[in-house]
Amino acid sequence: MSGMNSSTGEIIRIAGPVVGARGLEAIRLFDVVHIGEMGLIGEVIRLTGNTAIIQVYEDTSGVRVGEPVQNTSLPLVAHLGPGLLGMVYDGLQRPLKTLADMSGDFIHRGVSASPLPEDIRWKFTPCVQIGEYVNSGDVLGSVPESQTIDHRIMVPPGQRGRVIEIRDGNFKPSEVVASIDLEGDHINGHQEITLISRWPVRRPRPVQTRLTPNRPLITGTRIIDTLFPMAKGGSAIIPGGFGTGKTVVEHSLARWAEADVVVYVGCGERGNEMTEVLEEFPTLEDPRSGAPLMERTVLIANTSNMPVAAREASIYTGITIAEYYRDMGYDVLLLADSTSRWGEALREISGRLEEMPGEEGYPAYLAARLAEFYERSGRIICLGKSGESNGGHRTGSVSVVGAVSPPGGDFSEPMTQNSMRVAGTFWALDYDLSRRRHFPAINWTRSYSLYNFNEWYSGQVASDWVELTAEAMALLQREVELLEIVQLVGPDALAEAERAVLVVARMLREDFLQQSAYHEVDRFCTLEKAYWMLRAIMTFYHCTQTALEADLPLVEIMNLAVVADIARMKELRVDEAKTTINAIMDRVRLSFSELGVD
Amino acid sequence: MLKTIPIPNMVTKEYRTLSQVKGPLIFVDRIADVAYNEIVEIITPDGEVRLGQVLEVDIQRCMVRVFVGTAGLDLDNTRVRFTGDVARLDVALSMLGRMLDSSGRPMDGGPFIIPEASLDINGFPINPSVRTHPSEFIQTGVSAIDGLNTLTRGQKLPIFSGAGLPANELAAQIASQARVVGEKGKISEPFAVVFAAIGITHREASYFMEQFKASYAMDRTVLFINRADDPTIERLITPRAALTAAEYLAFTHHRHVLVILTDMTNYCESLREIAAASEEVPGRRGYPGYMYSDLASLYERAGRIRDNPGSVTQLVILTMPDDDITHPIPDLTGYITEGQIVLSRDLHRKGIYPPVDVLPSLSRLMNAGIGKGKTRPDHRSIADQLYALYAEGRDLRRLVAIIGETALSDNDRRVLAFARRFEEKFVGQGMTDRDVKDTLDLAWDLLGPMPVELLKRVPQELIDKYHSAKPDQALDGSD
Numbered sequence: 004m005s006g007m008n009s010s011t012g013e014i015i016r017i018a019g020p021v022v023g024a025r026g027l028e029a030i031r032l033f034d035v036v037h038i039g040e041m042g043l044i045g046e047v048i049r050l051t052g053n054t055a056i057i058q059v060y061e062d063t064s065g066v067r068v069g070e071p072v073q074n075t076s077l078p079l080v081a082h083l084g085p086g087l088l089g090m091v092y093d094g095l096q097r098p099l100k101t102l103a104d105m106s107g108d109f110i111h112r113g114v115s116a117s118p119l120p121e122d123i124r125w126k127f128t129p130c131v132q133i134g135e136y137v138n139s140g141d142v143l144g145s146v147p148e149s150q151t152i153d154h155r156i157m158v159p160p161g162q163r164g165r166v167i168e169i170r171d172g173n174f175k176p177s178e179v180v181a182s183i184d185l186e187g188d189h190i191n192g193h194q195e196i197t198l199i200s201r202w203p204v205r206r207p208r209p210v211q212t213r214l215t216p217n218r219p220l221i222t223g224t225r226i227i228d229t230l231f232p233m234a235k236g237g238s239a240i241i242p243g244g245f246g247t248g249k250t251v252v253e254h255s256l257a258r259w260a261e262a263d264v265v266v267y268v269g270c271g272e273r274g275n276e277m278t279e280v281l282e283e284f285p286t287l288e289d290p291r292s293g294a295p296l297m298e299r300t301v302l303i304a305n306t307s308n309m310p311v312a313a314r315e316a317s318i319y320t321g322i323t324i325a326e327y328y329r330d331m332g333y334d335v336l337l338l339a340d341s342t343s344r345w346g347e348a349l350r351e352i353s354g355r356l357e358e359m360p361g362e363e364g365y366p367a368y369l370a371a372r373l374a375e376f377y378e379r380s381g382r383i384i385c386l387g388k389s390g391e392s393n394g395g396h397r398t399g400s401v402s403v404v405g406a407v408s409p410p411g412g413d414f415s416e417p418m419t420q421n422s423m424r425v426a427g428t429f430w431a432l433d434y435d436l437s438r439r440r441h442f443p444a445i446n447w448t449r450s451y452s453l454y455n456f457n458e459w460y461s462g463q464v465a466s467d468w469v470e471l472t473a474e475a476m477a478l479l480q481r482e483v484e485l486l487e488i489v490q491l492v493g494p495d496a497l498a499e500a501e502r503a504v505l506v507v508a509r510m511l512r513e514d515f516l517q518q519s520a521y522h523e524v525d526r527f528c529t530l531e532k533a534y535w536m537l538r539a540i541m542t543f544y545h546c547t548q549t550a551l552e553a554d555l556p557l558v559e560i561m562n563l564a565v566v567a568d569i570a571r572m573k574e575l576r577v578d579e580a581k582t583t584i585n586a587i588m589d590r591v592r593l594s595f596s597e598l599g600v601d
Numbered sequence: 008m009l010k011t012i013p014i015p016n017m018v019t020k021e022y023r024t025l026s027q028v029k030g031p032l033i034f035v036d037r038i039a040d041v042a043y044n045e046i047v048e049i050i051t052p053d054g055e056v057r058l059g060q061v062l063e064v065d066i067q068r069c070m071v072r073v074f075v076g077t078a079g080l081d082l083d084n085t086r087v088r089f090t091g092d093v094a095r096l097d098v099a100l101s102m103l104g105r106m107l108d109s110s111g112r113p114m115d116g117g118p119f120i121i122p123e124a125s126l127d128i129n130g131f132p133i134n135p136s137v138r139t140h141p142s143e144f145i146q147t148g149v150s151a152i153d154g155l156n157t158l159t160r161g162q163k164l165p166i167f168s169g170a171g172l173p174a175n176e177l178a179a180q181i182a183s184q185a186r187v188v189g190e191k192g193k194i195s196e197p198f199a200v201v202f203a204a205i206g207i208t209h210r211e212a213s214y215f216m217e218q219f220k221a222s223y224a225m226d227r228t229v230l231f232i233n234r235a236d237d238p239t240i241e242r243l244i245t246p247r248a249a250l251t252a253a254e255y256l257a258f259t260h261h262r263h264v265l266v267i268l269t270d271m272t273n274y275c276e277s278l279r280e281i282a283a284a285s286e287e288v289p290g291r292r293g294y295p296g297y298m299y300s301d302l303a304s305l306y307e308r309a310g311r312i313r314d315n316p317g318s319v320t321q322l323v324i325l326t327m328p329d330d331d332i333t334h335p336i337p338d339l340t341g342y343i344t345e346g347q348i349v350l351s352r353d354l355h356r357k358g359i360y361p362p363v364d365v366l367p368s369l370s371r372l373m374n375a376g377i378g379k380g381k382t383r384p385d386h387r388s389i390a391d392q393l394y395a396l397y398a399e400g401r402d403l404r405r406l407v408a409i410i411g412e413t414a415l416s417d418n419d420r421r422v423l424a425f426a427r428r429f430e431e432k433f434v435g436q437g438m439t440d441r442d443v444k445d446t447l448d449l450a451w452d453l454l455g456p457m458p459v460e461l462l463k464r465v466p467q468e469l470i471d472k473y474h475s476a477k478p479d480q481a482l483d484g485s486d
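Residue numbers (the numbering used here), protein chains in the order written: chain A, 4 to 601; chain B, 8 to 486.
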């Protein structure tokens, strides 16, 4: 770590993950430093007089006052290039599998390894010629990274000029594939481009234009896609007490959501859960492309027993990787489980800095940090030309879903409240539903989506989509009111029509909203299948209403054999759903006409 | 035992520069070359040696927490010696069968442990990429756990108890009954129990001793004891020492280790005490903001490692203050552990043992540990069915309290009767050891009087295979 700009200081104070150092010259805020003889990684988070306050990303036990601190003069960066997909990193982008090869089953301190495999040769195919003038973000060429991802090598943001060298062939990540004569920059002259680039994780990558999200991100989870959709390029939060199934929902999204790349940040959560993802994803296929799920996934695993400060960094490392693939023109989904652990890391560091605490001990800047993070989501026009021969622009998106773990399941706490202010979709997990084993335990009376995609749904799925979902939602709301009455005076007080509402609402809950994340078929549901399922239930409801008007007893309707068919719609394969459900709807009409209803 | 001998070639530094004694903390001034988390020896004016740990250090002074309390210390004559090393525990296979204190010193009158290794008690995080997902069924012999909240090897599962509820009895029962049922029900693999008593009473401690001796489990058990009248500060060490021993037995000697930590509420109280004494910004209910991370550094030391035959499984007992599951201790625990077993005062009052309330209880790793080839193919469905019917029965009880039983339909009355039998027979098994097959058979037996149309969670082929209709006693009033 010696270099022209590096400087050495000494440690004067150690309090857990916070270390004070003096004697560092020309040190800037957020410079990365190496602490002590073990060379632990830290980041400068405050400068006062001659003293730099450093948060250390590894356990500081055994570090002494007086040990050296070395400045790298570089901010915390993510390494970006082909080979990211399928990797498992810790919060500082250290490859965990490589670390295991180096230091065994347990993570020891002061170990570092290159984030991207150094020896793989990638096939680089250029798409520009010598002499061509290129701008920031223009595609120079591409590498086939996986079956579905063509990894575009772009001119780094902020640079432009004439291509003076471009190569074709197989290259290691660190080898030069192109050179650009930087126009007007007489100091640096020209820029060599390798397959790897670096970007400071705390700085959002620049975009050409931000666009308004215009379509939903289809997730394969029925209640989300039909009642509370999230936007492609939007943000959503899932708060819920323990045992309400946050992680299961996040895993389902990671598996089945319609994204080109998924970045999963396990931030301060269970090690065994990360293992589940690691063991399972390579065996699962993306239902749309047929490629193994692992090939579109980047995992960041900073489990709860790994150092707290690295947990804080993990979120930023994750979103920087997400933005990088967005800039190539892909739709990226970032899942963070759980943002509360990130907030707690902020709180712990803030406490060690003896800052004035805000609400519940969280620092006063919690809301600002959360907003900054969620605002890194978005649908955008990327910098640079499309890279296709027809010109035009590339668009990409980063959608962010953050799990929140409110203490005691109480949503009034600062993390939930501050996240709600910035997120566009709110999926409230409910302890009561999970206790009833209603999963996903998303509460339909408390959740909301601020996005309106009615037009998209009407055009892309079915023209009566909006009516159908509105009617279903109204039924569910009506059920809540009716159940209150039942609680007070018993079911006998209700009229037949009201009981019919209860019957159909129950059908909606059990046969539509409930979805098993573990069932071979039910775990993934297309919009088309969801539409027909909903349509069948509403058809049943309309027939029931007509039958009741004709004074038919509800009991007879409930005993119809077709009720069982409706209950089994979930298990229908996606490709057979439409035909079979249409047959079920015919049977519904037939059954009712046999009862004497038209 | 905790290392008190300085590393060779290190100059031992001794100071007499105490500037403050405050609660469990002392401040030592004008020091040099002190390491964070370093272990220090404090020599009292009477010549007694106590251990402490550096909590914070800067160029002028350091803050030290004294493990056995600060009573009797003064500013003038107390000497502090810095050992130059972090807290370590001497470990060996011969720890099995022994009773030790938090520092690893014998409490059973036996000889000192001859160390095979000396390990940092804080351990190191298991690299998530080398873990394997826990998927082997552990039979506890307790139906409410085996049947509905199955424990697997490498899992961490807490028991949320309340003051006066028999959590210790349940833990001792599980420790003596737990086994991994392999092919043809054989029990072959080496098994060990590491038991950490954190601030428990003499009565509780001797109860556990008797239980371990009575079940002939003592020779495969290590006990780490911190009693209620031992210094509270030592409680921060007890679980770490126990887990260090457990990891050593599991991953070096390839044992399947069941760690029992009781009572984590006492641990958290100590944590709060230290935080308050060092004037930290308090979080919820005065507990420090880092309690989640601190608890995680203990609980996450459970698991399995790829290509290593050993495993560490944790059974953690904690007392919910005022039976409040949203209290920070159970709340943070529930966020880290893979489920929870919740004990119910209501069932306890009815005389049901073990009083496990299955509704709020959960095992997150259950699915991986049960089913064909592990327990029985009907396990998942029957568990769902029991759960659903019992939940319905409990809802009906509330309704009955308002409108009376006569207003119920026949099926509702059957469900009510089922809920009662389920509590009495299935949950309330007493101190018996039930094979999982018997647990599942009993479940089918309880479902006998139920009409098939109520068994929505069980596929038809399983009903055909296991369901035998029984005379319905719920409606003729003879039940």
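Hint data in this document are derived by calculation from the structure and do not stem from the laboratory. As the structure is a computational prediction, the values presented were derived from the model and not from experiment. Hints may be right or wrong, so weigh each one.
Unchecked claim - Pair ranges (Cβ atoms, derived):
no., chain 1, residue 1, chain 2, residue 2, range
1, B, R401, A, E474, 42 to 48 Å
2, B, K477, A, D495, 47 to 53 Å
3, A, Q463, B, R401, 40 to 46 Å
4, B, M114, A, L356, 38 to 44 Å
To be verified - Beyond 12 Å from chain A on every Cβ pair, some chain B residues (computed):
no., residue
5, M70
6, V137
7, R210
What the hints assert, rightly or not - Residues from chain B shown here face chain A by an in silico Cβ test under 10 Å; the list is partial:
no., residue
8, C69
9, F119
10, I121
11, E123
12, I281
13, G310
14, D330
15, Q347
16, K463
We put the CB at the ideal spot given by N, CA and C, even for glycine.
Taking the hints in turn, this is what the structure says about them:
no.	hint	verdict
1	B/R401 with A/E474: 42 to 48 Å	violated (33 Å)
2	B/K477 with A/D495: 47 to 53 Å	violated (31 Å)
3	A/Q463 with B/R401: 40 to 46 Å	holds (44 Å)
4	B/M114 with A/L356: 38 to 44 Å	holds (42 Å)
5	M70	violated (9 Å)
6	V137	violated (5 Å)
7	R210	holds (32 Å)
8	C69	holds (8 Å)
9	F119	violated (26 Å)
10	I121	violated (25 Å)
11	E123	violated (18 Å)
12	I281	violated (13 Å)
13	G310	holds (6 Å)
14	D330	violated (14 Å)
15	Q347	holds (7 Å)
16	K463	holds (8 Å)
In summary, the numbered hints that this structure violates are 1, 2, 5, 6, 9, 10, 11, 12 and 14.
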